[in-house]
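J.: The sequence shown: position 265 = 265 (the working numbering), numbered continuously.
Keep in mind that the hints were calculated from the coordinates and are not lab data.
Because the structure is a prediction, the values reported are computed rather than measured.
Any given hint could turn out to be false.
The following label-pair restraints were derived from C-beta to C-beta distances [stated by the list, open to error]: (1) Glu87 - Ser177: 19 to 27 Å; (2) Gln60 - Gln26: 20 to 28 Å; (3) Val168 - Gln33: 44 to 52 Å; (4) Arg220 - Val10: 40 to 48 Å; (5) Asn109 - Glu178: 21 to 29 Å; (6) Met141 - Asp77: 26 to 34 Å; (7) Ala184 - Leu15: 17 to 25 Å; (8) Leu15 - Ala149: 47 to 55 Å; (9) Ala216 - Val10: 20 to 28 Å.
Virtual Cβ for every residue (Gly too), placed ideally from N, Cα, C.
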Amino acid sequence: MQSNPDLRAVLGEVLSAERKDGLSNQVLRITAQKGVFFLRIGQAGSEALVDRFAESHNLQLAADLGVAVPPVFMDPDSGLLLTRALETRLAGKTDFPDKLGQELARLHNSKLRFEGEINPHKTYAALRKRISEALDSYPEMSLSKDVSAIVPKLERLMADVGVQNQPVLVPSHGDLSEGNCLLANNRLWLIDWEFSGMADPCWDLAYAIQEIGFDADDERRFLNAYESGQHQHINRAALEAMKARCDAISALWAVVQLIDRRDPATFGPFALERAARALKQKPV
């Protein structure tokens, strides 16, 4: 912060900074002269997977639409992102699946033109290439036996679920975990747009169901709310196939974190859990 005068000007004097949980990036809750903020500091090396300039473009469009928390300061070169803190709570919010379905339909219907494209097979191939190159370049690097075993299984799964038909691409968040959904002032906000882009609408739907962990009733309510906003039905077979793709990609993403020497106690089980769930999905 000290090396960025523009950021200091937005914050004023920093009174305290508290580190918050984050899988991919460092996140600080900052109490400053000009308010309370969240500062996202991009993980070193994330430029290989994240286009920060596309993120900035997409985030601003989503904020203008009213589905994203508006950025106060963005610096794509450094990966810094500052937003004002919202007092939020998801626990006990029984209408969360309905609200998320409604907001997602609004985003997908918006006709916004996001930069970047979320193509599951290209994303998977890029992650697989990074793993192979790292293991080839550093022979001393090794993965656990369990983690190593899932990679060829996921390769076969991605071949089995096949390449999608050409869907109509819609502006998509791309990373709908529970931590990226905030309920404040009786409305839903989506945060963390670094993996956003144009995508098959099934991507956001499948990813949300899998990563948030909706049970059967929550999934039904989520999809019903989405379909009511979209005024069209979801292809359930395509959605099930996308669930498998989402979990396969999440598993490989976790393997990349292991290669980057991040916490094996976190990312080892994450990779194994997502891979096991992906492999339970039946190809269509």
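J.: Work down the list of hints and note, for each, if the structure agrees.
T.: Against the structure, the hints:
no.	hint	in the structure
1	Glu87 - Ser177: 19 to 27 Å	20 Å, holds
2	Gln60 - Gln26: 20 to 28 Å	22 Å, holds
3	Val168 - Gln33: 44 to 52 Å	47 Å, holds
4	Arg220 - Val10: 40 to 48 Å	43 Å, holds
5	Asn109 - Glu178: 21 to 29 Å	23 Å, holds
6	Met141 - Asp77: 26 to 34 Å	30 Å, holds
7	Ala184 - Leu15: 17 to 25 Å	22 Å, holds
8	Leu15 - Ala149: 47 to 55 Å	50 Å, holds
9	Ala216 - Val10: 20 to 28 Å	45 Å, violated
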